[in-house]
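**Q** Residues per chain are reported as follows:
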Amino acid sequence: RKEVEQDPGPFNVPEGATVAFNCTYSNSASQSFFWYRQDCRKEPKLLMSVYSSGNEDGRFTAQLNRASQYISLLIRDSKLSDSATYLCVVTPFSGGYNKLIFGAGTRLAVHP
Amino acid sequence: NAGVTQTPKFRILKIGQSMTLQCTQDMNHNYMYWYRQDPGMGLKLIYYSVGAGITDKGEVPNGYNVSRSTTEDFPLRLELAAPSQTSVYFCASTSLNEQFFGPGTRLTVL
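Protein chains in written order, with this note's numbering: chain A, 273 to 384; chain B, 57 to 166.
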């Protein structure tokens, strides 16, 4: 079983739609959780951290369910510029070096 | 700040050739990483370093070597290139829990 699993998509949605991505992780001792965004042929960039209480950044909402080992990302009012691959990232340990485990990503295509 | 820079951007190698991928960061980060990303796949950790003089293997280290003589530089060496090493290579450095990535090196081995 992969350490971090994501639905690869693609999710094809019209502008203005709401779309949700899910991610599951296998290590129950995982400590930190993130969503990264990767544009085509570019490097990944941090989109947002995911906190236990859930957190929001503008049109983006992230949720964490530790009991189910599940992370989600909700994008409201999708824009064309949201088209990218969204990577679910998990840090398995606290302290030590900052090892990040990346999911393979979910591709989002927003069309007019 | 330039952040994390990588050279070259693109390279084509013949089987058996060797090369060094360069990575430099100007953020004074102790932690640095090398990843490879194959098409449609997640990033896989090749090697990492927690500071100058200290390196360790990641998930897929075979066929690669690294060194870390300074805080800023973390080169990745391919000694005998193989077609299986065709990939995009990303270098990264860490501040707290955010990893900053370089723009990547696209390597093709023919």
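Hints are not guaranteed to be accurate.
Among chain B residues calculated to face chain A with C-beta under 10 Å, some are [stated by the list, open to error]: (1) T63; (2) R67; (3) Y89; (4) Y91; (5) G96; (6) M97; (7) Y104; (8) A108; (9) P117; (10) Y120; (11) P131; (12) N153; (13) F157; (14) G160.
For each label pair, taking beta carbons as the anchor points, the in silico distance ranges come out as [claimed, not checked]: (15) B:N121 with A:N284: 28 to 34 Å; (16) B:I71 with A:S324: 29 to 35 Å; (17) B:P117 with A:E287: 30 to 36 Å; (18) B:T63 with A:A381: 39 to 45 Å; (19) A:Q341 with B:V116: 36 to 42 Å; (20) B:N86 with A:N337: 51 to 57 Å; (21) B:Q73 with A:E328: 45 to 51 Å.
EDC-like cross-link-like pairs, simulated, lysine to aspartate or glutamate; straight-line CA separation at most 20 Å [unchecked claim]: (22) B:K100 with A:D279; (23) A:K274 with B:E135; (24) A:K371 with B:E135; (25) B:K70 with B:E135; (26) A:K351 with B:D94; (27) A:K371 with B:E115; (28) B:K100 with A:D329; (29) A:K317 with B:E135.
Simulated from the structure, these hints should not be mistaken for lab results. Note that CB positions come from ideal geometry on N, CA and C, so glycine has one too.
**Q** Hint compliance check: list the failing hint numbers for this structure, sorted ascending.
**A** 1, 2, 8, 9, 10, 11, 15, 16, 17, 18, 19, 20, 23, 24, 26, 28, 29
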